[in-house]
Amino acid sequence: MMHLECSNITYSYPGTDHKVLDALTCTLSRPGFHSIFGPSGVGKSSFARLLADLNRHTFLGKIEFTEIQTVLYSYNLERLPGWSSAGAHLDKVVAKEKEALKQELINIFELSPLLGSRFHQLSMGQQNRINLIRYLLQTFDLLILDESLANVDEKLRQAIILTIKRIFPQKMFLYISHNLMEVSTFCDEILVFGGGSTGKSYGTIQGQNCCSSEAVDRKKVDETMLEIMNAF
Amino acid sequence: MMHLECSNITYSYPGTDHKVLDALTCTLSRPGFHSIFGPSGVGKSSFARLLADLNRHTFLGKIEFTEIQTVLYSYNLERLPGWSSAGAHLDKVVAKEKEALKQELINIFELSPLLGSRFHQLSMGQQNRINLIRYLLQTFDLLILDESLANVDEKLRQAIILTIKRIFPQKMFLYISHNLMEVSTFCDEILVFGGGSTGKSYGTIQGQNCCSSEAVDRKKVDETMLEIMNAF
Amino acid sequence: DARELTYRLKWLFNASVAGDIYAEDKGYFTKAGLQVKIKEGGPGKDAIKEIELGQTDFGVASADQVIRALEKGAEVVVLFQIFQINPLQWIYRDTLPQITALSQLKGKSIGITFGGNDETIMNTLLAKGGIPKKDVKIYSVRFDFTPFLTKKVQIWPVYRNSQGVILKNRLQAEGENVRFLNPADFGVNFVANSVITSKKMIETDPDIVDKFQTALLAAWRDAMAPANQESTLASIAARDKDNNAAITKLQLLATRELTGTQNFGSIDKDAWIQTEQIMLQEQQIKRPVNIQDWLHK
Amino acid sequence: MLFRRIYQFLLVYFAGISGLLLVKLLVGLSDYVIPGIPLIFATAGETAKGYFFDVLNTLQVTVLGQVISIILAFTVGIAGRKSSWIGSFIKMIAYNIQAYPIVALAPIIFILLGDGFIPRLLIASMICYFPLLLSVLGVMSSPVKDIEHFYIITGKMRWQLEVKIRAFENLSKLATVISGSATLAMAGAIVAEFIAADAGIGYSIRIALYQSDLAKILVALFMIGIVISIYQGLLESASERIQKAWAISSGN
Amino acid sequence: MLFRRIYQFLLVYFAGISGLLLVKLLVGLSDYVIPGIPLIFATAGETAKGYFFDVLNTLQVTVLGQVISIILAFTVGIAGRKSSWIGSFIKMIAYNIQAYPIVALAPIIFILLGDGFIPRLLIASMICYFPLLLSVLGVMSSPVKDIEHFYIITGKMRWQLEVKIRAFENLSKLATVISGSATLAMAGAIVAEFIAADAGIGYSIRIALYQSDLAKILVALFMIGIVISIYQGLLESASERIQKAWAISSGN
Ligand SMILES: Nc1ncnc2c1ncn2[C@@H]1O[C@H](COP(=O)(O)OP(=O)(O)OP(=O)(O)O)[C@@H](O)[C@H]1O
Ligand SMILES: Nc1ncnc2c1ncn2[C@@H]1O[C@H](COP(=O)(O)OP(=O)(O)OP(=O)(O)O)[C@@H](O)[C@H]1O
Ligand SMILES: [Mg+2]
Ligand SMILES: [Mg+2]
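Taken in order, these protein sequences are the chains called U, R, Y, A and L.
First residue of the first sequence: 1, per my numbering; consecutive thereafter.
First residue of the second sequence: 1001, per my numbering; consecutive thereafter.
First residue of the third sequence: 2001, per my numbering; consecutive thereafter.
First residue of the fourth sequence: 3001, per my numbering; consecutive thereafter.
First residue of the fifth sequence: 4001, per my numbering; consecutive thereafter.
Next comes chain U alone, as it looks inside the complex:
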């Protein structure tokens, strides 16, 4: 079955001697909506960029993909080209056979009124959404969402996460977010990156992995949140 295994990853940016990742070992053992969680600057984005393009970086340790061919990395500062509307750009990068899926996602992402606008005319949350939707319409096995929904309101974000879980049960996602409750509620395996500038620690915590807002058991979520908090 699809899984990802990292052992003893140590990584520094070229020209620096600060270890951004220090002997990171972790496993994501199945498809699903997983997460990386941890304080600002702990190395989440660095790790994600490493996974997305192994060849561009030099690091110590081993990363093994099983049944994962295509890894995509999306982040919240991306932009679309400015010469035509967001909708036109979307049309360009989506294959014909995904038309139905595209329409469904556009509705859930509440993007239909915005498709005629140029990217720079959109609000930040709107930009986040139009960027993410185009990734979802590509071919991939593992998609990393690096704060890709950081500027979207919680309600809509929740709807989007639930949709992704429903539509892509066979794919692996790695959701990087600073919203503890959201991560605890909706994610499956949560890689917790802990420790600040001194030492680093890594661990995996099982999230509630809820698949609808009704299914949320607030108490259990609280437990998970506590577990994560203590992992630091």
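Derived from the structure by calculation, the hints contain no laboratory data.
Everything hinted at is true.
Below, simulated SDA-like cross-link-like pairs (lysine to any residue); rule was C-alpha separation at most 25 Å, straight line:
id, chain 1, residue 1, chain 2, residue 2
1, Y, K2269, Y, E2075
2, R, K1102, L, I4152
3, L, K4024, A, I3093
4, U, K96, U, Q170
5, U, K171, A, G3155
6, Y, K2037, Y, R2003
7, Y, K2152, L, L4121
8, R, K1098, R, P1169
9, L, K4156, R, D1091
10, A, K3024, A, G3045
11, R, K1102, L, R4158
12, R, K1155, R, M1229
13, A, K3082, U, R49
14, A, K3145, L, E4240
15, U, K92, A, G3155
16, U, K92, A, P3143
17, R, K1019, R, F1059
18, L, K4156, L, F4074
19, U, K200, U, E5
20, L, K4244, R, H1120
21, A, K3244, L, K4082
22, Y, K2286, L, P4038
Residues of chain Y placed beyond 12 Å of chain L at every Cβ, according to the derived structure:
id, residue
23, T2006
24, Q2035
25, T2100
26, K2106
27, K2128
28, L2167
29, L2171
30, F2180
31, D2210
32, A2246
All C-beta atoms in this analysis are idealised placements derived from N, C-alpha and C, irrespective of residue type, glycine included.
Once you have looked at the hints, place chains R, Y, A and L with the ligands on chain U.
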């Protein structure tokens, strides 16, 4: 006393006929940590940019500042110039007499180990923090934080908010964020922008305005959150 | 024979090419059964190269060009020599005493175009006058006359029948008079422009060359005839819009003097030999080319 | 824009003339060194019309030459943007040819191309294209990471798209350079005419110089200035309109 | 970088020569039109050393001229970046002067400045500065909003800072243009010498042209090419090192 009054603000971007703000009337009646809350694309940033630079925009309605001379607007996509370290840039823009305050903020913002790095070498949350701190060290009466802490982890963000409330009780802040619980817990007056693309509604809800994490009454926060949710 | 021939001049259309213009304008070529197109020259144009490349059939080149080309294996033949007196002379204000002996050049500031014919000629004059280079102030000439006009340089090289006329006229308008220093007066006969064609042309189409030469010579002779002055001026005016009638007339008079009136178009063999010798002396060429062998009968 | 250009040009031109006349007056130079006002007017009366048509003639070469150099600069700039060997090689050829002053290359060009319209056009384009190339290279070799990332990681990046993204992000820079290159093309055309042609204002300037007639040159400069101001102004207005159409006003 | 430049130049040069020789062979031309190999070698033997020093002489003017034009281009570009009347006026002057081919301006320059080193330098700088200006203008007139916002809203923006921010954000573009402008300065210096000077390789080319001596011109072109390749290569290495030092490698 310091306050801000807007009546019947209607605004469209030049060249479009979509009313981004539609007859917005609101009041912020005292210094403190206030908030604008609402779904993505509702017009929060647009309103904030209007407040920050009245002269650059043409709009209908009236905005009145009382005892507010200097309005600053910060947002999460800002960058620092690349030719020297974040610390050096900070030193450049901070007046001598604020040195002590600067040191205090640096510690609370957990920035000391980062001062030697160039801006582009920082993680997103680190970039957010270094950007915000320089605004706090300027002279201002009203500071707008447009998702300025969007990419910072919750724990640190909470510490930062509490610090701001403690150190600047005489100033007015307008915090734009998508984190409902945080807004409900720590903000004073919450301007709720509601409604999506059809009609718009605006209202003010009183937040819990907690000044320490111990003081948080979870039940009351839940009530506020509910009130805000229903305001849509 | 309706074959179209081209004839490349060395310089712009003005009175100094009066005969060439006259030939085309008055149908001398057509009358000879030739179809000839004459093309204006200029600083970037080199008739010898064009002849070799087959871009033109006849052309005008200066003697030094011809000699240099021969040295490098080009096969061009001189048909006739347009100017009996080299138009390249030096102008000076009459505030200087008239130069009657070369020794008078001592101490003067003289313009020469480095690399140009005037350098070669002036060097020869100085050598002839026994004046060491350090005894004159040599000034490097560029394409504008300011140093002469502002009196920074006393003796300045000009083409006697074109710029020479213009300058003289301009200075006269300000009440200044000028004189010309003609190297020929001091025994330096450096040949100027001649009409040339390729050796191949002479071998393959001798009758065309003959007809061309005859027609052109006749045109030059007629153009220089005082009787035809008005019609020559009219032909020139149709081509040269940049000079006014008065100047053109003066230029034509000057040209007439340079082409000579008796031995019109004749090749001054001695002058050619002297030219070659001067160029050898001045190391413009490294080996003799026997120029006399390349002068058409 | 257009009227401002003309108006500004007149200001500069008459300032220049006044400066020259001042020098004339102060140093006491005669009319044949620096022409006086009456002479300038007389000369203008005689030659202005002819020169105007000469400049229009030159303008034709200018426009065509500019179009060619833009095409050339973009072709070479796009091909040379990669830091591959070929890219660096193309850049190198472009650089080297530039260092050779046209006056030295002209004889070779004439040998290979004969005379007429083509070498005139070639020289005009050669003078204009290199500065364009520099800008195009600068723009084309700096990635726009936040836009390109998606296309690269999904394997959708084509060189056409890369070029389009980079061009669009630097639209105003490229527009400045392209409309500015009009004057370069004009200068190039004039130089070409000066060296080689038998038409155009460059040719007329050569004759005036040969006659050492500064008054004529001043009239020619006036005509060149007025025509280039109009052309430049039109180009700028057009480029503004095109930019607006393609981009809708960008930035918030 | 440096060796690659030289090596590439040699490739281009010998390709060019081979092309010319091929034409010579096919059409059967004499040494006068296109010199043969023995003549080229003989000429090289006689003139190479002299020309090399001529080029070095020219290089001095080039370097100085380039420095001046960089200063000039930045001054005008910075002053002209605003869309104010003055900005547009400065731009307009810069544009207009450019359209006047140097050959037409030269007599005026000579009248005003006499002759010698100064006009040579001036002409070299004038030819080099305009393309630089275009790029500087392009860079200086596009705001970097996400960096400038803070300084504008807090009233800390000074023009120096604005310029610094925009220059820094476009460092690689400016570096391309500045190091590329070396060849422009060289071409400018050569043209200036061609028109005006009595030293430098441009002057030697003029003499060779008077004598229709293509072999000499080919040797001169070789010397120019080799020297400009070295200068260019050095500039590029230096600019790379400077960029690294100022920026640390930017981008993630
Ligand atoms: N290009 C770079 N060069 C050098 N150091 C870098 C670079 N990018 C990031 N870093 C450093 O690496 C560390 C990890 O950064 P990273 O962006 O991975 O953090 P993160 O966990 O994603 O944080 P955040 O939640 O704030 O985005 C930080 O200390 C940062 O300063
Ligand atoms: N420059 C612009 N030109 C035209 N329309 C714009 C422009 N900027 C924003 N808009 C539109 O105005 C509306 C409000 O945008 P605004 O950025 O104020 O939203 P917001 O409430 O801040 O949203 P978010 O939470 O996603 O940042 C959106 O529909 C957006 O598409
Ligand atoms: Mg990150
Ligand atoms: Mg916003």
